[in-house]
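Based on the provided sequences and hints, a complete structural model is requested.
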Amino acid sequence: MKPKHQRLLLAAIAVVALVGAGLIAASALREEASYFYTPTTLASANVPPGKAIRLGGMVQKGSIVHGADGVSITFTVQDQERSQKVAYRGITPDLFVEGSGVVADGRLGADRVFVADSLLAKHDENYVPKELADIDMNAAAHTKDTLVP
Amino acid sequence: MIAEAGLAALWLAASMALLQFMAGLTLLRAGAGQLVPLIKPAAYVQGALCTFAFFALMWLFYVTDLSVLLVANNSHIDKPLIFKLAGTWGNHEGSMLLWVTILSVSGAAIAFLEKRVEAKTLSATLAVQAFLALGFFAFLLFSSNPFERLVPAPVEGAGLNPLLQDVGLAFHPPTLYFGYVGLSIAFSFAVGALLTNQVEPAFARAMRPWVLGAWIFLTIGIAAGSYWAYYELGWGGWWFWDPVENASLMPWLAGTALLHSVSVLATRNALRAWTIILALVAFAMSMAGTFLVRSGILTSVHAFAVDPERGSFILALMLLYTGLAFVIFALRIGTVKQGEPFQLFSREGGIVANNIFLSVILAVVLIGTLYPLAAEAMGDKISVGPPYFNKATVPIAVLLMLALLLGPLLRWRRDDLMRLKYWIIGAVAILLTSCLAIGSLAPEIGIFPLLGIALSMALAVAAWLPLKGRKLLRTPLPIFGMVIAHFGIAVSVFGMAAESGFSSETLTALAPGESAKVAGWNVKLSDVNPVVGDNWVAVEGEMIAAKNGNSFSLHPQSRQFFKPPMQTSEAALLTRWNGQLYAVIAQPDQEGDGRWQVRLWWKPFVTFIWGGAALIALGGAMALLGRMFRRAKKPARNAWQAE
Numbered sequence: 001m002k003p004k005h006q007r008l009l010l011a012a013i014a015v016v017a018l019v020g021a022g023l024i025a026a027s028a029l030r031e032e033a034s035y036f037y038t039p040t041t042l043a044s045a046n047v048p049p050g051k052a053i054r055l056g057g058m059v060q061k062g063s064i065v066h067g068a069d070g071v072s073i074t075f076t077v078q079d080q081e082r083s084q085k086v087a088y089r090g091i092t093p094d095l096f097v098e099g100s101g102v103v104a105d106g107r108l109g110a111d112r113v114f115v116a117d118s119l120l121a122k123h124d125e126n127y128v129p130k131e132l133a134d135i136d137m138n139a140a141a142h143t144k145d146t147l148v149p
Numbered sequence: 001m002i003a004e005a006g007l008a009a010l011w012l013a014a015s016m017a018l019l020q021f022m023a024g025l026t027l028l029r030a031g032a033g034q035l036v037p038l039i040k041p042a043a044y045v046q047g048a049l050c051t052f053a054f055f056a057l058m059w060l061f062y063v064t065d066l067s068v069l070l071v072a073n074n075s076h077i078d079k080p081l082i083f084k085l086a087g088t089w090g091n092h093e094g095s096m097l098l099w100v101t102i103l104s105v106s107g108a109a110i111a112f113l114e115k116r117v118e119a120k121t122l123s124a125t126l127a128v129q130a131f132l133a134l135g136f137f138a139f140l141l142f143s144s145n146p147f148e149r150l151v152p153a154p155v156e157g158a159g160l161n162p163l164l165q166d167v168g169l170a171f172h173p174p175t176l177y178f179g180y181v182g183l184s185i186a187f188s189f190a191v192g193a194l195l196t197n198q199v200e201p202a203f204a205r206a207m208r209p210w211v212l213g214a215w216i217f218l219t220i221g222i223a224a225g226s227y228w229a230y231y232e233l234g235w236g237g238w239w240f241w242d243p244v245e246n247a248s249l250m251p252w253l254a255g256t257a258l259l260h261s262v263s264v265l266a267t268r269n270a271l272r273a274w275t276i277i278l279a280l281v282a283f284a285m286s287m288a289g290t291f292l293v294r295s296g297i298l299t300s301v302h303a304f305a306v307d308p309e310r311g312s313f314i315l316a317l318m319l320l321y322t323g324l325a326f327v328i329f330a331l332r333i334g335t336v337k338q339g340e341p342f343q344l345f346s347r348e349g350g351i352v353a354n355n356i357f358l359s360v361i362l363a364v365v366l367i368g369t370l371y372p373l374a375a376e377a378m379g380d381k382i383s384v385g386p387p388y389f390n391k392a393t394v395p396i397a398v399l400l401m402l403a404l405l406l407g408p409l410l411r412w413r414r415d416d417l418m419r420l421k422y423w424i425i426g427a428v429a430i431l432l433t434s435c436l437a438i439g440s441l442a443p444e445i446g447i448f449p450l451l452g453i454a455l456s457m458a459l460a461v462a463a464w465l466p467l468k469g470r471k472l473l474r475t476p477l478p479i480f481g482m483v484i485a486h487f488g489i490a491v492s493v494f495g496m497a498a499e500s501g502f503s504s505e506t507l508t509a510l511a512p513g514e515s516a517k518v519a520g521w522n523v524k525l526s527d528v529n530p531v532v533g534d535n536w537v538a539v540e541g542e543m544i545a546a547k548n549g550n551s552f553s554l555h556p557q558s559r560q561f562f563k564p565p566m567q568t569s570e571a572a573l574l575t576r577w578n579g580q581l582y583a584v585i586a587q588p589d590q591e592g593d594g595r596w597q598v599r600l601w602w603k604p605f606v607t608f609i610w611g612g613a614a615l616i617a618l619g620g621a622m623a624l625l626g627r628m629f630r631r632a633k634k635p636a637r638n639a640w641q642a643e
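Just so you know, the sequences run in chain order A and B.
Per our numbering, the first sequence starts with residue 1, numbered consecutively.
Per our numbering, the second sequence starts with residue 1, numbered consecutively.
These aren't lab readings, by the way, just hints derived from the structure by calculation.
For glycine and all other residues, C-beta sits at the position ideal for the given N, C-alpha and C.
Honestly, I wouldn't trust all of these hints.
[Said to hold, decoys possible] Sample of chain A residues facing chain B (criterion: CB under 10 angstroms; computed from the structure):
1) A11
2) I24
3) G50
4) R54
[Claimed, not checked] Taking lysine to aspartate or glutamate and the EDC-like style, the derived pairs with C-alpha atoms no more than 20 angstroms apart in a straight line are:
5) K4/A x E340/B
6) K524/B x D593/B
7) K381/B x D117/A
8) K61/A x E32/A
9) K381/B x D79/A
10) K524/B x E542/B
11) K517/B x D105/A
12) K517/B x D534/B
13) K381/B x E32/A
14) K391/B x E98/A
15) K381/B x D105/A
16) K51/A x E32/A
17) K85/A x D117/A
This is the structure in structure tokens:
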């Protein structure tokens, strides 16, 4: 093989590899990228059960119900118009309280209850989950609620 | 007074960078064969002034001078001393000052230590380094002044994010920054060599130790960050594919590829253009990482303060530097001569495979990290999480591991498949046996954990084979370094695969006196007590973990900080040779029946992940020492032919 041909071959391999990377990324993104919904947009979108999505909104006052096992909860996420029921099993984030913003990763179950794998709550006074920044949360200061008893 | 002195030092350092850059520009006209006057002293003075400014800021944090805005916003009079000092870089302005300081000191270090490249190339390299520094000085002085005063001064200060009040903060950011910014040297060398037509082995040998050094720091920084997140967040995971983690992984991937290709250029005088591209990409990734972390445009546990103006500034710098570098590359690449030819089945071919797989992983990580931003620009809110990254990167990593079983055993220039037939048969046998054994013992394990364990078994053997037939005492240190680093990969991958394939978890609520089981361990919550720390209070669980007649006590805490108000989990870890028991205690059960939420994990061989990373860094350090030692011993001129 002449040196020039070798250079071309290596360049061709590099191009093929990069195109391949693009294809891998595109196909994985189509299956695994999860879209962000609020209860209102979720109601109008036709999201199949089992597809990974994120749900954001405010935890409705009085909606948190603790399960008998001590580690499961259900609650309702609402925005200005609609609400969506959410079930979660696990340790809730520090600042997860009624009336504050939350982003839940998970999927819709067959019964249209959103099953959350993880919850992201307002972290501290400087930090708001990005998806919630544009939504009017009326989030009150609630740091007292989370003090250790 | 100290604050003003620090600020003045920064301005003076910026003017030194300008002087250094202007001095370098004269080179383009003169093209003299000697070092441009003034350029070395300017680099030294710039480095010294920056170091002074950095220590001035550290002093302000040490005495907690609350009349300085940055200190008031990020520190508190009650904070323990180590976190006061580490708080210097636990915030945006301070960490950018650290970044610029390392950049300047690197420039001074090149000027002082580098004796092997031509004077002309060294001048060009220093000019490029000064040009990089100028942009970041502008960023610091115009939009992130760390020395800004606050009038009137507050009484106590706002405090530091409690997640950051950990010894991890003292080490993790500085090591990562040494890595990030160390790659700037590769960038400057690459542009300098392009400008002066010196893309050849001498230049690669000069660049290699710097790349190695930066890469060692990056490896340690990433591993330390991973372990820190693992025990501090209390989520039981060691890698979350968080954008900020990706921001540190991407320069490491590019740096790893660069490390291998620069060796080919140094040893065999091939892969010239490719090495230059990798050097440019590696530092571009460092800047992209800084941009992602500092702009706060992504949802992340690391995103503290959101400021679009700063994000745009760094983005502009990154586009300017990368764009200019690639324009220079396009203009000058015609003058880079063809390197030495080689056959595809050779050591060079193996390294090309390494480079291609690493670049493909880099590309899919980059796409996954940036895609949410692109989608948001078009009005969609999308998040890309672990399912994407695992699906897109792990299969390519498997191919990379396969290539690693063979690559280091190949001869330079050309090799023969038949020469290696016994090892190939051996490797296939190890792979098949491991797959069958694990598959029959634990059929529920996923395909990738299975492959991961099998590949790490084969690699644990393959890594040592380059020593076969060598006289160990006369084997150069860099060869040992390579062997150890590759063995470290086997160790680390084994830990990752075992952890992801065999972890078990129990999540429950326990009243004091009750127990839970996880993976053969019986964990009893015997009591829950209040504890008071320096600037926090906590509830502490007293647990007794028992297995096979041995019992150990564990003390996980749930801490409440006041400045700022925030709760954190302090996981309790019990380390055994074959894994870790990980215990978290959370809130009391809301029903008021005296139960506490408890989360337990048994994570088999999880410590191997970081142990392997330590071996990888150790391998790098041995290679670096070997290069420096050998450089001192004999003149470098013919070193690459002798290898």
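In rising order, the numbers of the hints this structure does not comply with: As far as the earlier hints go, 3, 8, 11, 12, 14 are violated by this structure, in ascending order.
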